[in-house]
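Between the sequences and the hints, there should be enough to build the whole structure, so can you do that?
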Amino acid sequence: MDERVARYRFRMKKIAIYSNKGGVGKTAAAVNLAYVASLSGMAVLLCDMDSQAAASYYFRVRPKRKFSDKKFLQGDINDFIRGTDFEGLDLLPAHFSFRHLDLRLDKMEKKKDWSVINTVFQPVEKEYDLVILDCPPNPTLLTEHIVRAADILVTPVIPTTLSILALQQLLKLSLELKVGHNKIKAFFSMVERRKNLHISTIEQYQKYPVFMKTEIPFLAEVEKMGINRQPVGAAARNSVSALAYDRLWREIWQRS
Amino acid sequence: MKSGYRMFIVTGAGDFDRLLKEIHSLFPLQEEAAFDIDEWYMDTFDWRLCSKGFVFRKTDGRFVLASLSGNLQEETEGPQKPKLFWQDFPEGAVRDRLADISGVRALCPLFRVVGRRRHFRLYNKDEKTVLRLRLETGDLYRGDEKRGAFPPCLHLEGIRGYYNPFQRLSEELKAKGCRELEAGETFFDLFLRQLQMRPDCKKTQFFFGAGQTTNQAISSIGLALLDAMQRNLPGVIDDIDPEFLHDFRVSIRRTRALLSQFKNEIPPGQTGIFQKEFQWLGTVAGPVRDLDVCLQKEENYRLLLQEGLHPGLSLLMEKIAELRKGQWLIMRDHLRSSRTGDLFANWQDFLTSLPTRIQTPPGQAPCRKAARKVVRRCFQRLIKDAAAVTKGENQDISMHKLRIQAKKFRYMAEFFRSFFSPADMDILVGELRGLQDELGDFNDLAVQIRRFQDYKAALSLEQAAGEALDELLLRLADERKRLLKRCLKRCGKFTKNDRNHLF
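Sequences listed follow chains A and B, in order. The opening position of the first sequence corresponds to residue -1 in this note's numbering, with each subsequent residue numbered one higher. The opening position of the second sequence corresponds to residue 570 in this note's numbering, with each subsequent residue numbered one higher.
It is worth saying that the hints were derived from the structure and are not from the lab. Among the hints, a few may not be true.
To be verified - A partial selection of chain B residues facing chain A, derived with a Cβ cut-off under 8 angstroms: (1) S572; (2) M576; (3) D695; (4) E696; (5) K697; (6) R729; (7) G730; (8) Y731; (9) N733.
The beta-carbon is built from N, C-alpha and C at its ideal position, and this holds for glycine as well.
Structure representation (structure tokens):
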């Protein structure tokens, strides 16, 4: 029998890591923030919603064959959650059928019932303090559901024009969906301080309250997660990137 | 997160490496870490934590409070002292829970575990951990004395979503002769069994058959009470916590009640001596107990007084603590004296030989009749005394008489419970307990007022302490009036039901 491990008195919070631009470091952020949060004593569930299953790969977790997008949307997730190698951190692995999540959502009778995502995680709300959603890119119906359901929306932004554009689109979407901007926490990701474009973009935009002060540098150790198949902090606790994710987590948590 | 937990006792003379190799042939296995174990397990003298399903241990300077079921585990820092109270720990979950369970009792070392803990993981073809193992081996100590090795334990911790490896290894271990802990059995039970320790958390209950003589019954009750006195005596002498003295005094009172109620059955000429000596022993221990009650009530007193008088109250309590120290030294000398030693030795000799004494015919008669007569008599006196209280005749004295009589009846009813309907007796004793609590509170208050008046005359108090004491006496007098009303109400309720048919 599973133990109840939620330790904090607040209700379970949902943090979505989202950007409609691909390759900005969403999965790296989701994996590392989930790991750091679990180290702080929280019971954390990382939910890999991207059918590429990169987060699941990083934790060496495969989904059970019987899992599917249908079961996910029905909230039938309890039997498909798997423990990672790390205390206090579980994973709901992505299933290949998740590529149809949008279609499935569109076919649902209550597709405009914005409580779908909340209902999905209801069965585990007493077990976890935190659910971190690693979202697929592209603005879709699923995105709208996530934006509404999440307590915090964390969005990585590479200090380049297209990435800033993606953030502006997210802000516009949140306006349309009547979701407060203060829910969105952006941070500069894959920062290369040797590039003038990165420096000037950061200088231009960091003054906006939507941005966190912490930056995640572009480092080989983050890329090596694919080889080590574990969070950067687990491979090297005091590495530059591990400490950066730790700072980022604390900043997000304090400002939420 | 954990999904399933099982614990196995490894049999087979410690060939763990072979066992690990066998496990490795089933699943890839990797040793992750190994640590030395050096843990002190603690509990109160009367096993309060254990009886509530908790263990408390000190390890690497940290204190861990864990439930025996393994569902809860809280850690805290704490001081390095031989005896600890809940107040010694920093604010937090451990302190709160200890306060609830241990109360005024000290947490004393029970035993020590010294050994090695090895952590392993079993993984799948993706090198994902699917099961964790913990192997514990080592020795048990009581104080500095080694009491042998404890049974090697293998703990299996399942990982959520990977149930098959957990199930399969459990089956394999059983097939290899490892013994799984039975339902309700814990590692703590294993340690205690190895150390031949028994949690003594239940009140002694007596069961007498129809054929047992009065002398046999008196002997077994008296010896059990003597044992309680002797077990508590070292704690009283070392001043570990106030409950040792309280329990010691209760055993004396129960012994005196036994002697007085069965004076016709016990050989003539003997009861008088023991009555006198146990009365002396009770008197010796009385002043320290009264002072203990005062000191334990400090927080209650604080609530009764305005904040401005709190520093004065603290000074007063310091004086009382000093006074207690002096009284405790006097008591300790008495308890260490040959008079106490002789009393215990003579009483033990007397009780041991009592069943074989034939010169007292009443004592050789079956106990049932005499016991029922004693309990009935005590109950009738109790009802009479309770009625006197409700009539309002000299309430202070009648209340005191009632309290004493209630105790006598309760002791006798508990000793001879087996001669009555247990269900009826439990209901009656339950109701009586409510009355006794009220009477006890009232008496405590009366004693405190009396003692405070004595201290006022005897102690040279600073002005602030004197002012606090004056105000406290006024507040306690008000409190006493309030308690008196409650006691009278409770007495009325108790006497309302006719229970003579029970006896």
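Take the shortest C-beta to C-beta distance between B/Y731 and chain A; is it under 8 angstroms? holds (7 angstroms)
Would the stated hint for B/N733 survive a check requiring a Cβ distance to chain A of less than 8 angstroms? Where the cut-off is 8 angstroms and the nearest Cβ of chain A is about 11 angstroms from B/N733, the hint is violated.
Does B/G730 meet its interface restraint, that is, does its C-beta lie within less than 8 angstroms of any C-beta in chain A? The hint holds - B/G730 has a Cβ within 8 angstroms of chain A, the shortest such distance being about 3 angstroms.
Checking hints one by one. Is B/S572 an interface residue toward chain A, by the C-beta closer than 8 angstroms rule? holds (5 angstroms)
Interface hint compliance - B/D695 to chain A, C-beta minimum distance less than 8 angstroms: Since the shortest Cβ distance to chain A is 4 angstroms, the answer is holds.
Measuring from the C-beta of B/K697 to each C-beta in chain A, is the shortest one below 8 angstroms? holds (4 angstroms)
Is the interface hint satisfied for B/E696? The criterion is a beta-carbon contact with chain A at less than 8 angstroms. Hint holds; B/E696 Cβ to chain A Cβ min 6 angstroms, cut 8 angstroms.
With a cut-off of 8 angstroms, does the beta carbon of B/M576 approach a beta carbon of chain A closely enough for the hint to hold? Hint violated; B/M576 Cβ to chain A Cβ min 15 angstroms, cut 8 angstroms.
Can the hint on B/R729 be confirmed by a CB-to-CB distance to chain A that is less than 8 angstroms? holds (4 angstroms)
Violated hints, in rising order: 2 and 9; the structure is consistent with all others.
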